[in-house]
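First to last, the protein sequences are chains A and B.
Going by the numbering used here, the first sequence opens with residue 1, and the numbers climb by one from there.
Going by the numbering used here, the second sequence opens with residue 1, and the numbers climb by one from there.
Treat each hint with caution, since some may be false.
As the list claims (entries may be wrong) - Lysine-lysine pairs mimicking BS3-like chemistry, simulated, CA-CA at most 25 Å apart:
1) A:K141 with A:K191
2) B:K243 with B:K191
3) A:K60 with A:K41
4) B:K169 with A:K169
5) B:K68 with B:K169
6) B:K41 with B:K243
7) A:K141 with B:K243
8) B:K141 with B:K41
9) B:K41 with A:K141
10) B:K191 with A:K169
11) A:K41 with B:K47
12) A:K243 with A:K169
13) A:K68 with B:K169
14) A:K47 with B:K243
15) B:K47 with B:K141
16) B:K228 with A:K141
17) A:K41 with A:K169
18) A:K47 with A:K141
19) A:K228 with A:K41
20) B:K68 with B:K47
The hints are simulated quantities; they were obtained by calculation from the structure and are not laboratory data.
Model, not experiment: these values are computed from the prediction.
Number of protein chains: 2
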Amino acid sequence: MINMEEINNVHGNSSRKCTLNYSVSCNDCRLGTLCFPLALKSDELVKLDSIVQRGMPLQKSEHLFREKDRFSSIYAVRSGVIKTYRLTDDGREQITGLYLPGEIFGMDGISLNAHSCSALALETSAVCEIPFASLEVLSQKVQNLQRHFFQLMSREITEEQQLITLLSKNNAEERIAALMLSISSRNAQRKLSATQFRLPMSRIDIGNYLGLSVETVSRVLGRLQRLKVLFVENREITILDIKALQNLAGVLVAE
Amino acid sequence: MINMEEINNVHGNSSRKCTLNYSVSCNDCRLGTLCFPLALKSDELVKLDSIVQRGMPLQKSEHLFREKDRFSSIYAVRSGVIKTYRLTDDGREQITGLYLPGEIFGMDGISLNAHSCSALALETSAVCEIPFASLEVLSQKVQNLQRHFFQLMSREITEEQQLITLLSKNNAEERIAALMLSISSRNAQRKLSATQFRLPMSRIDIGNYLGLSVETVSRVLGRLQRLKVLFVENREITILDIKALQNLAGVLVAE
DNA sequence: CGTTCCATTGAGATGTGTCAATTCAAGTGG
DNA sequence: CCACTTGAATTGACACATCTCAATGGAACG
């Protein structure tokens, strides 16, 4: 959020010309160890830095890539929010991931050399592009980088397993509570408030992500408000009783 | 199935002493390109072979590893069936994966250096153990191996995304149809019948895997039988009308 | 300022879960 | 080899969470 405002302030809404220094190096990136929290030594970081490409920010609703696009890079969110989704063959959308600053996505494309999902910005967002071919070569030389990348992918697998469990075993209230806690803890990691934040996605997207209808999402949020667990005002969320929320979630939403 | 019988025939049920050559090299493994369908050149394959450990078969219901166990290796199924599952904090089980011969599992453990799920044999099974430390070192030297391993993990991510979509968007009938098609096509890959096979798991496990109750699984299988799409006799399945099954699934279960 | 999309709320429909009873299959021990 | 035990599978009746449909209100954006 802060990042987004910053960008908007600097170059406005329409003008894509801007003075913000996109080329800030990995070393100086405010996300610090969040993104590639590497055991990378500083000379290794320099090498990584040399292959990272920092592009112009994406506007809201802009696609970064689409399902079936040729795969060439993985991406790190620098600011904003990215959602990834795939289409069922009858054309419905299923959101498969939600990525906040410091988080990496796009690894799904490696296996078939084509993306298995689409990625779009939910708000004005900046991403770092890491060309996979370069990353591969560099991983070949830098053991720590290879290791780190294995870990990143493994983590993606683990998190998807959590989502599978959530979808399979938990009811609407539990799913939504878990999502709130997940966003909260990811905010906390970025030194933002764990109890007060703006939802990065619409009710529609939340429903889609959690396998619920919009109406159910709306009703559950209303109920959590009445229970004085949350304070909800449009997309602004305040967690009033985090303990209660954790009980409702019944899941350990680690991250 | 064939593999299992072979093993049982050779050394019987009780005796764990056996004459079967567990040490068959990757080169000679009947699974051939299924397991590590590598672009590995034959000298590279020799190197891989040198780090693979082939253990005694697991008996039915035996665990290979458990959630939170220290991570040290990934595994390839040589024969039999392995399921992976995690426990929700209220102690319920969620199956997260089902692995048939030639398939690789255990990659979830890399990120935290501890397994995030448990793995157990659904029938007598043999697995190859690939110590991760060695694999890492070897990947460092053999570019093709690193590439292949990235692809394996990416594929796991993609397949989990498919499961997420299935759980989130499809009803009981569609989920079960999709599972039948998945098993069918994976059998076909191993040159087994695509239309006739033995279910590798109980109704309970199917329900668990697909987020359904046992009763629903039973009813849907009954319905598919009445519709003459399947012939079901205990665990023996015959696909009578694969076209209809695909329509019911409404999903492209590629693999 | 109007258009459009998002969100809320209610009423009713329905797929799936739960509970309970029964049958069936497999493995165990006498 | 036959009871016996145990877990798996089936089937029916009923409950209920969530979806669907519909109407309305509200926010956002050009």
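Going down the list of hints, with the structure as the test:
no. : hint               : result
1   : A:K141 with A:K191 : violated (33 Å)
2   : B:K243 with B:K191 : holds (20 Å)
3   : A:K60 with A:K41   : violated (35 Å)
4   : B:K169 with A:K169 : holds (15 Å)
5   : B:K68 with B:K169  : violated (31 Å)
6   : B:K41 with B:K243  : violated (39 Å)
7   : A:K141 with B:K243 : violated (49 Å)
8   : B:K141 with B:K41  : holds (13 Å)
9   : B:K41 with A:K141  : holds (21 Å)
10  : B:K191 with A:K169 : violated (35 Å)
11  : A:K41 with B:K47   : violated (29 Å)
12  : A:K243 with A:K169 : holds (21 Å)
13  : A:K68 with B:K169  : holds (21 Å)
14  : A:K47 with B:K243  : violated (52 Å)
15  : B:K47 with B:K141  : holds (10 Å)
16  : B:K228 with A:K141 : violated (57 Å)
17  : A:K41 with A:K169  : violated (42 Å)
18  : A:K47 with A:K141  : holds (10 Å)
19  : A:K228 with A:K41  : violated (47 Å)
20  : B:K68 with B:K47   : violated (30 Å)
In this structure, the hints that do not hold are numbers 1, 3, 5, 6, 7, 10, 11, 14, 16, 17, 19 and 20, in rising order.
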